[in-house]
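Asker: Going down the list, the protein sequences come from chains A and B. Counting in UniProt numbering, the first sequence runs from 1 upward without gaps. Counting in UniProt numbering, the second sequence runs from 1 upward without gaps.
Think of the hints as simulated: they come from the structure by calculation, not from any bench. In this text the structure is predicted, and so the values were computed from the model without any measurement. Honestly, I wouldn't trust all of these hints.
Examples of chain B residues toward chain A, derived with CB under 7 Å [claimed, not checked]:
id: 1; residue: Met87
id: 2; residue: Arg91
id: 3; residue: Thr327
id: 4; residue: Leu356
id: 5; residue: Met361
id: 6; residue: Val368
We put the beta carbon where it would ideally sit given N, CA and C, even for glycine.
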Amino acid sequence: MSMRIPFAAAVGLSITAIYFIVALFAPLIAPYGMAEVVGDVWEPSSAAHWLGTDNIGRDLLTRLIYGGRTTIFIATAATVLSFTTGAILGFLAAVLGGWADQLMSRAIDLLMSIPTLIFALVVLSVMPVTVPMLILVMGLLDSTRVYRLARAVAVDINVMDYVEAAKLRGEGRVWIIFREILPNALSPLIAEMGMRFIFMVLFVSTLSFLGLGVQPPAADWGGIVKENKDGIVYGIPAALLPAVAIATLAISVNLVADWVLNRTTSLKGGRG
Amino acid sequence: MTNALLDVRNLKIGATAYPPGEPPQEIEIVHGVSFTLEKGKVLGLIGESGAGKSTIGLAALGYGRGGVEITGGEVWINGRDILKGGMRGLRALRGAEVTYVAQSAAAAFNPAKKLMEQVTEAAILHKKFSKAEAEARAVELFRKLGLPNPETFGDRYPHQVSGGQLQRAMTALALCPEPDLVVFDEPTTALDVTTQIDVLAAIKEAIHDTGVAALYITHDLAVVAQVADDIMVLRYGDKVEYGATDQIINAPQEEYTRELVTVRSIRHEEKAPTPDAVLKVDRVTARYAGTAFNVLKDISVELHPGQTLAVVGESGSGKSTLARAITGLLPPGEGSITFDGRRLSPTLSGRSREDLRELQMIYQMADVAMNPRQTVGTIIGRPLEFYFGMRGAEKRQRVKELLEEIEMSDGFIDRYPAELSGGQKQRVCIARALAAKPKLIICDEVTSALDPLVADGILRLLLNLQKREGVAYLFITHDLATVRAIADSIAVMYRGEVVRYGSKTEVLSPPFDDYTDLLLSSVPEMKLGWLEEVIAHRKMESAGN
């Protein structure tokens, strides 16, 4: 079988891979220590500091690398959490139907009616702000969106004859959800996953920017913006660099998601 | 030929194919077909799905459906090659000189616009008629096509008229701009037999009265024999045989044409009823939740072991609902269902695994009855695993045996449903039902989505399996030819009631009740002039009343 990867997907795939590899091996790649003060405040780029230094003289490239590590880790974990919870609940609602479906769906509607960011801020201001707590809050809040999608997709699949055939065979709900519905619902869910991952990156960055996310001295992209935002008025671009990182990551992840979607939607038994 | 209206020369059509697991390929689906059609004549294009008949029909409008492209040849209409006129030429052609009647009128009409607006649109757009003239012409066509209240019919929206009426409205739409050629693409295939005959007669009369030429595309030779002057038989994008209708029906030259003419010739001797019953439906009444209307009214039928009960009726007669009641998907409000001597719980959840195993079901649309993400081995193997606890090599061996029973090689075991043909898919569904070693299989229109020859193969297979395994079938269908082929007893359903029930010979011999008579006389027969005979017979009867 040929594995021809389209150009756009190849670009997306390599950039995404670079980001993840850098995040994974940050301590080996970063030229300096994460919170090490190595120069003057806001030094311009030089051979020693490729991207210059930040507001208290730390190497900006190092901060960006470590920041990416934190941000990508939190976003990935939260996406996984939100998809597992959202998809399972959504499929369950579709399969159960009737009362249970109504109850779950209206509860989710209620959660969704509260702006996510405000809800997160309220929860995080009373809870200890730790990384697991961040992941939990972000993942659960975002799972409402995944629930909506998963339920809608599963309701369509649930009325197909092969699901009816499985019910007539006497199959239990676990088989129906994981063997009949899930494989056929993967394409839209995967496409959505790319999107939601980027929202998570933005979400955690926003929280950090507002001071309720990752706590200093740990680096993360939102935090770097916050620390260096005062430099913008002096024409110092340090605060913009994380934005560039987020934008390139967003585009590349979605290029990959598009490609995966294209490959899986044409019903070729899922292996074409 | 200069006096020909349509002259197709060496037409070649290509398409992009997507073979599973391989990169897309350019293939040729019509290989140099030539034919001519004179003014006022009707040419029938016949063949199985994939024969290229619709593709050729659309080529007369210079059109190729998604991914399909005319790659060679010439299409001359009224003395000019339409493939050379560019988009502007095609626009002047379509809807004015050549018009099209689609298979599904329901999908072809815009639901948000009134019928009159849609029927007259092309004629006004091409400045053939003024609005008033076009509307007068539409009313005239409505009358000619036998539509009720022709003056006000056009004020209705598509959802306000029946399927048969909509198909006739579509014919009016095609005839309104006074075209020279109309392409009919399976115009009656989606209709009930009793409706089909009216639409067919209306179309035939309209063609005759307006003197328009037509390409009539269908897979049903008996239908095309009623309307066409000439017939072209197609297979795999090649012309198999071309001749006058009389010659094709009565003296076919090619082997393939002979097969098409003699299709549905399975003869099956009915078995005598036995005292015991595998299924007993006793005074069952059912309705859907939240409605006050009974879709099943006091139904009582019996099915003997190893025999076939055919449930016949048109859409909406409640025959599929009966299947749902028996399987437990729609618990009956009243009455009881006895299976193999034990009374079945009305609901699915109340039934034992043994009940479920012994009562299997096969669906009409095989492609949605199989999970597209599972291999044939998984699909057939699951009941083995689920009911008999088979695993690994034992299961795989049994799946191979089952594949052999349905006359497919064991090489199919690791294929996905998308890689199978329509007939093969239905065979796999049969194997899945057989895997459970059932006593009764409910077959819900299992052959109606298939080409006649393929359907024949499936029926033969079902009969053989019945002989070997002694399984009983509850066979739901709207097709009386199928019933004749395989039934031992028949129940005719109409509006939720069984109007006639008995052994095959009893039900199919006179005296008939009105509905059974209508149903029986509506089945197209493979002979010329059948349509006129039936219509004349009906006129006489209604005059006699």
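Asker: Next item in the hint list is Val368(B). Is there a CB on chain A closer than 7 Å to its CB?
Answerer: holds, 5 Å
Asker: Given Met361(B) as an interface hint, is its Cβ closer than 7 Å to any Cβ of chain A?
Answerer: It holds, given that the least Cβ distance between Met361(B) and chain A is near 6 Å, below 7 Å.
Asker: Can Leu356(B) be said to touch chain A, with a Cβ gap under 7 Å?
Answerer: Where the cut-off is 7 Å and the nearest Cβ of chain A is about 4 Å from Leu356(B), the hint holds.
Asker: Less than 7 Å between beta-carbons is the criterion; does Thr327(B) satisfy it with respect to chain A?
Answerer: Because about 6 Å separates Thr327(B) from the closest Cβ in chain A, which is inside the 7 Å limit, the hint holds.
Asker: Restraint: Arg91(B) near chain A, CB-CB cut 7 Å. Satisfied or not?
Answerer: violated, 32 Å
Asker: Are Met87(B) and chain A close enough, Cβ to Cβ, to be under 7 Å, as the hint says?
Answerer: violated, 30 Å
Comparing the model with each earlier hint shows violations of hints 1 and 2; every other hint is respected.
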